[in-house]
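So the sequences go chain by chain: A, B, C and D. Heads up, the first sequence is in numbering that gives the first Met the number 0, so the first residue is 0 and it goes up one at a time. Heads up, the second sequence is in numbering that gives the first Met the number 0, so the first residue is 0 and it goes up one at a time. Heads up, the third sequence is in numbering that gives the first Met the number 0, so the first residue is 0 and it goes up one at a time. Heads up, the fourth sequence is in numbering that gives the first Met the number 0, so the first residue is 0 and it goes up one at a time.
Derived from the structure by calculation, the hints contain no laboratory data. It cannot be assumed that every hint is accurate.
Said to hold, decoys possible - Derived coverage of chain B by chain A (criterion: at least 3 residues anywhere in the stretch with Cβ under 8 Å from a Cβ of chain A; other residues may be distant):
(1) 164-172
(2) 276-289
What the hints assert, rightly or not - Label pairs and their computed distance ranges (CB to CB):
(3) A:Lys324 with D:Asp612: 38 to 48 Å
(4) C:Asn193 with B:Pro302: 32 to 42 Å
(5) D:Glu118 with C:Asp443: 47 to 57 Å
(6) C:Asn193 with A:Pro150: 38 to 48 Å
(7) B:Asp210 with C:Lys471: 34 to 44 Å
(8) A:Ser319 with D:Arg559: 50 to 60 Å
(9) C:Gly102 with A:Gly218: 52 to 62 Å
Cβ coordinates follow ideal geometry from the N, Cα and C atoms, glycine included.
As a plain string of letters, each chain reads:
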Amino acid sequence: MAEILVNKLTPKDFKSDQEIRWCPGCGDHAVLNAVQRAVAELGIPKEKFAFISGIGCSSRFPYYMDTYGFHSIHGRASAIATGVKTANPDLSVWQITGDGDALAIGGNHFIHAVRRNIDINILLFNNEIYGLTKGQYSPTSSKGLVTKTSPFGTVEEPFSVGDLVIGARGKFFARTVDANLALSTQVYIEAAKHKGTSVVEVLQNCVIFNDAIHDVVVGKEVRDDRTIILKHGQPMIFGKNNDKGLVLDGLKLKVIKIGENGVTEKDLLVHDAVEANPGIHYMLANMDYPEYPVALGVIRSVPGITYDAAVHEQIESVKSQSKIKCMDDLLMSGSTWVVE
Amino acid sequence: MAEILVNKLTPKDFKSDQEIRWCPGCGDHAVLNAVQRAVAELGIPKEKFAFISGIGCSSRFPYYMDTYGFHSIHGRASAIATGVKTANPDLSVWQITGDGDALAIGGNHFIHAVRRNIDINILLFNNEIYGLTKGQYSPTSSKGLVTKTSPFGTVEEPFSVGDLVIGARGKFFARTVDANLALSTQVYIEAAKHKGTSVVEVLQNCVIFNDAIHDVVVGKEVRDDRTIILKHGQPMIFGKNNDKGLVLDGLKLKVIKIGENGVTEKDLLVHDAVEANPGIHYMLANMDYPEYPVALGVIRSVPGITYDAAVHEQIESVKSQSKIKCMDDLLMSGSTWVVE
Amino acid sequence: MIKRSQVIEKEEVVIRFSGDSGDGMQLTGTLFSDTAALFGNDLSTFPDYPAEIRAPQGTVGGVSGFQVHLGHSEINTPGDFSDVLVAMNPAAIKANIKWVKDGGTIIFDKDNFTEKNIEKAGYEKDPIAEEKLDGYNIIDAPISSMVKEALKDFGLDPKSALRTKNMFALGMVYWLFDRKLDYTEKYFEKKFHNKPGIAEANKVALRAGYYYGETIEALRPVYKILPAPIAKGTYRNIAGNSAAAWGFMAAAEKANLQIFIGSYPITPATGILEELAAHKDLGVISVQAEDEIAGICTALGASFAGKLAITTTSGPGLALKSEAIGLAVMTELPIVIVDVQRGGPSTGLPTKTEQADLFQALFGRNGECPVVVIAASTPSDCFKFAYEAAKIAVEHMTPVILLSDSYLANGTEPWRIPEMKDLPAINPPIAESGSVPFHPYKRDCEKLSRYWAIPGTKGLEHRIGGLEKTTKGTVSYVPENHEHMVNIRDEKVKRVANFIPDIDVYGKQEGDLLVVGWGGSYGYLITAVRELQAEGRSVSLVNFNYINPLPRNVKDVFSRFKNILVCELNLGQFAGYLRMEHQEFAYEQLNKVQGLPFTIRDIKEKCIKILEDK
Amino acid sequence: MIKRSQVIEKEEVVIRFSGDSGDGMQLTGTLFSDTAALFGNDLSTFPDYPAEIRAPQGTVGGVSGFQVHLGHSEINTPGDFSDVLVAMNPAAIKANIKWVKDGGTIIFDKDNFTEKNIEKAGYEKDPIAEEKLDGYNIIDAPISSMVKEALKDFGLDPKSALRTKNMFALGMVYWLFDRKLDYTEKYFEKKFHNKPGIAEANKVALRAGYYYGETIEALRPVYKILPAPIAKGTYRNIAGNSAAAWGFMAAAEKANLQIFIGSYPITPATGILEELAAHKDLGVISVQAEDEIAGICTALGASFAGKLAITTTSGPGLALKSEAIGLAVMTELPIVIVDVQRGGPSTGLPTKTEQADLFQALFGRNGECPVVVIAASTPSDCFKFAYEAAKIAVEHMTPVILLSDSYLANGTEPWRIPEMKDLPAINPPIAESGSVPFHPYKRDCEKLSRYWAIPGTKGLEHRIGGLEKTTKGTVSYVPENHEHMVNIRDEKVKRVANFIPDIDVYGKQEGDLLVVGWGGSYGYLITAVRELQAEGRSVSLVNFNYINPLPRNVKDVFSRFKNILVCELNLGQFAGYLRMEHQEFAYEQLNKVQGLPFTIRDIKEKCIKILEDK
Ligand SMILES: Cc1ncc(C[n+]2csc(CCOP(=O)(O)OP(=O)(O)O)c2C)c(N)n1
Ligand SMILES: Cc1ncc(C[n+]2csc(CCOP(=O)(O)OP(=O)(O)O)c2C)c(N)n1
Ligand code: SF4
Ligand code: SF4
Ligand SMILES: [Mg+2]
Ligand SMILES: [Mg+2]
């Protein structure tokens, strides 16, 4: 993809002249920062980026990036991004979307983009609420959440983003936290470099309508013990004191304490993000507090043929074999007759 | 659900007066037969059934059932069925749908029905083709399939129905073959009895546009060796001579031959359909020929709260606690003033 | 009450509360209007806030406003221009000054006129000087510091103390209009019953503002608006969205049906879903669907299953529902689709008002696909027309589109509470279990409505669907059957005209000019027309609520006027529709597409121009 | 050629091949029309098959037909009534007899008139007697047994042998019309080049039929239709769907853009997608999307990325695309949306024709949301108007809806092949990399189109979207900006009128009656009008292809006729639209909603009635 740039760009180069309109304290600000850092690292010229979004607070994002941008309609960003990338595989295409935009109204386009493995990067801002419409529950809201449309608590089972991605045959899934700039930047870079549909779930805070919903896991005090940052090829170790880890116990994962019962670091599972069989990734993506730490980082990253590349390869191959090279050829092909 | 019937109904009672318009030899005929047998077994009176479909060859189904029926629009059957069941949980609601109807245009409603765990029975006729529109590829068509819209072969990765159902947090998934009346009838009965969204993938043959596509697995000659019929609580055994089985090998399933290397029937995995953790069900649903036998029967059947029940429980609980019992109460509640 | 130096009696007055999105202006305005309503004034309110949840603080884009129009006589709009502007920061002045009457009163928090805020608002140094406001009655109160002072013993952090600024301002306005504080105080007690400290702090701030008004000279003169001579009865304030929700619940009770709403949130329609979801006590089944299509499809499924089916949305959502509305037309299932219109096209101006979805409501479907279209005119008559929409849907077995708009949805007005026994009966044509086979498209011969056979009823098993059918319900490609069914569906909707009232003329039954409007512009049109009538002009008004079919006496009414002026907030959709339906008349147009309601002035000017040109 | 007893020269003739869905009637008809076209006749064809893939054998519902109308003079329709009916089974007689001219020729396979088949078709014993066909020229050939006999040495199983029945029948028809067999024989050779036995069997069956015709007496008289005096050039037969696909590819080549089609299959539009998907050789990118919304959205993304964007659908799909069309209007991106209309509403009659999506195309979106709407009139001019639609879309930066219909999509006619160099130039307003910042809504002052800045171009980075914007591309809630943009978008579409041709009048430029049609009814209207003109009536025709905006000379043309009759296959949508746009004229209507085209007879009767009533 894309030519390589000689003069390195800085995050500032990606700031547009538009006033940023998110609430003070909204997690979206941090995501914007991290994305601007990440794209500056990629060595791709600005004009080769296209940021596509739907509708929602998060979907305002493209306005703030000094790249090509398309703030479209609610739920359709995956389809539009599919069009952009299939039309021009030379672009670096990013879809910015919310839990409502991607998983409620946009659920179908989302799973189909993932299935096709189109080479776009989807950043899904999961605040477990509809922010822009002022606080109704979303398909990721926890059961029981009281919101404007669930005054007595929701009765719905939420989606888990990772499950859905893997269920739709997804090849890249990562998770990060809005405020963790370092991790986020890294994850966004890996998503960009992965060829295929990269889905990054960003645990994002909506200060107004669902404040601190992720804090039980990612709050400053607890996050080291309640999350694990997965790194390909590294043992699955976590905890404030780096003393906890994951092992396999029959068909399930289990948290152990290093040192206890004679368990050493060597007994821990080693993260293999590129394994095609999704079994273990499914389990990792699925881990939830309090039983497990929540997995962050790149959980799954399996190489594969991308849709956009396959489409263009097929065109090139048919072209090279066909006798029809232009419209006049086509017009005169097959059964014709001459009237004189 | 539903009162119990004294006079047992027969399959014939469920035949409507409409002429059946599927192609001779289409697998849909067999499905209709099996469903008519299954529903007659349930002890539910005819008027308590509602069959809801979208559009497609398969979606003509409701016309042939002498029950309440709604042949709706393409892709929307899950949403309509959700409405019917939530409106009246006392009905036995069946959704009849095709691979295009459920997974292309209807993908979103499908995954949301599954997520909510609404108590409907979804029979998904998977012929891996759009039949009614005369033969275009579908989201389940194998990569490379040549169809009218993929004259050079599709370049898309197909969905696997089971993966998608489990990825959407599905609690019931089964698979059967159109022509296998006995297995199908049994599976449909189990689907009906399961409380929650039951998805049954029917491997269905389209004689016209995708003939014999499933035969490599379910063809008469080969089916015993290339499929395994799972039964809850039974060892995972299969083969013409009942001499093959499944065992766990690390994180993966493995096919073994009983008797070889000292393996006995006792070493085989025992099918546990009600295990909540979807790991093993995911692997089972995912098995594909030639590496594995394709799993048939009820693969996953986990009890859980249904959406329709939860909705009505909440209404009853709020009702019993509220002081507002009728509109006049509501109208006079809160801030009012009198003008005299 | 305290003795006042000078009191001016006024017929009506418009007050605009305005400040940063976080300043609590919506609450302030609401409390003021409730107090006015309790006092007996007629009134109309309109909130006006930015699309962003929290737009950048201190900027014009972040200003949130709430306008109240109250009077001694009938009030139909929140008013064009305000007599009093409360501006909590410089941006509030910038945003609103052109809507303040010449010489009006401007109350502002001078502590908030910091250099930074002044600059953020786009002024250089002194907003008052830059806007040339010498002729105005300027009251620059040090609200922030006075509030801090008043609450110094409460042990509140400065931020919490400052949150009561709006109540100080409200206190000043109460003084200005000679209102009692008790309703507002009781509100605090109730709202903060777990935090008596906060309740008390708000009370203190409110009173401090009131006494401040009394103390300073600047606040003279004091206005007095006597109660309006309104009909006897019990009243409440109601906004359009709540009124619509209540109208549906009333219809459900009257029809003896359970209500089912399947909707997807969208501004400005979400309020109806929210209000209905809150009324599980009245048995409402509410499904927040995954999108608009699922919204209508779940509702249609529920309609099939025998519920009163509702789906609510705004323009882009109505577009998505088009295909399923076609299915409702074909299956002849009752359903009400509410479109709370906003500025379009596409996402457009999501928080602003417009009347530009009329064509979509009338024509936005494939094939010959007629539905009933009706529109509400005021916040409170959203109740009436929601009720009507539900009644027509179930009695005539047809989808009904109910058009509201952003202005009605959020605006409020006092509403005389009806008694359920006084509302018209609703009789759905429910089929009864019988021995003859049920033919789904057999019809009532008067209305042409089919019968509603509800799943679960023994012996009425039948199949419906989107393919063309015979009366018996068999799929049919027979050309004549199709034409017959197309005509029947058309005629069925046309016959609704036999069941709706004739259109009323406000004013003389004949004359030089008939102003024609529809839906939510009513308040502005009636006010303008009344003023013109008072000036002795030959102008009358008809405002349409029933749009498809049109009332039967339209031709008769139109033919009695020399000129017809169609006013609407779009490029002329209703005018175009009237040309189709009543080609025999000439129509002049007044159109505005700014995301805002009309102003009385615009309407009057246009009318006068027509009258004087002729 | 063999000597013939009696040869009748005819101007034109209509033949209908009809049989069970499995009888191969579509192929038979196609081969016959190709042969006729090669011979130099003008012609028009229409296939007509059941919605079911394989409807129940032997029943009326399962009959599949193919009608060919060929002539020595210009042919514009597949004809109302047929001169010759080929009926492979009793059901084919039942289904078609009312469309056979009195005294016409009926060829049928008497071996297939078994008791069972007769009963299945709904007859008691003898279709010929029951239909009272004494006056007809009845040819009851033992086709099945003769075919079996002719092929007995081929070693085919009986089923395979019987599959050539249709070729036997075709041979008879070739005899009847004095046609050569060579084209058809070559077709077999090519089609079955891997199965020479099958090729030979078909040839033998064909010839057997031909000789049978020669042998039996009944087949006299033999018709002769001389070649039509058509313009010089190279011709091919083309159906509307292929023509549309080719028109888009031609436009792409001319505009130097790559084509991108994002579509979801739906009858009868799928053919366009299929044809484009087959032309990867010309660089077509085709995405079979997951639904119609994704179809248009992928295309819109591709348009943003600089491709010639196409999406194709039928009525229910157009409904689903409504919201995204609004986005295209707001972002002013070029895209062509093809609606191949079918019978509605809802799923309706999916394989039948209708013109009832006009309102949806014009008005089916939220807000003020104008798009260009154009309609094709004949199968081959689907090429022309696809080309035009693409040209307007990219040059004016606007969505264009192209209306076709089931009748055009599947019908064929001979088409003089254009040369690419003769087609008009297409110049998309592509923005060039520059130093000044790019303002996405800066416009060309003549067309008001904005410029197309294609991602990847250095320095033109910009953001567009569905919210209202300023010229610079900043989101704006400013009332005046919104009104300005609404007006500009409206005016931009109106100005397309300056770039399209005036409407033509067929016949005298003034007179008693102007027949007005649009789109696919053209063939029937022109035929009827020509016949009326030949009868000396003062009747002319205009048939609209440009619907929004209307051509500039409409008023001028309309004002020259005493009466205007608007004919369309719906309840009067174009008539309604004309009343809105040209209120000054009175419009009579002729409407038909049967899933079928007009008949010449209907049109003539209505015209004569109007002429004689006045
Ligand atoms: C067709 C349509 N339906 C509904 C809406 C209203 N709407 C806008 S954003 C949104 C949900 C936003 O939630 P999410 O995607 O989670 O984004 P967030 O605001 O939380 O970032 C909804 C329902 C719309 N704009 N368009
Ligand atoms: C809105 C809409 N889009 C498209 C269609 C056309 N259509 C009808 S059925 C179908 C697909 C059928 O495939 P599937 O669901 O697999 O059913 P099958 O015919 O194979 O049983 C399509 C594309 C339609 N009827 N409506
Ligand atoms: S409402 Fe929530 S998600 Fe939206 S901008 Fe504010 S804090 Fe962020
Ligand atoms: S086309 Fe295929 S799926 Fe449809 S009825 Fe025929 S065989 Fe069955
Ligand atoms: Mg969200
Ligand atoms: Mg299928």
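Quiz item: Okay, which hints does this one fail, numbers in order?
Solution: Result: hints 3, 5 and 6 break, sorted rising.
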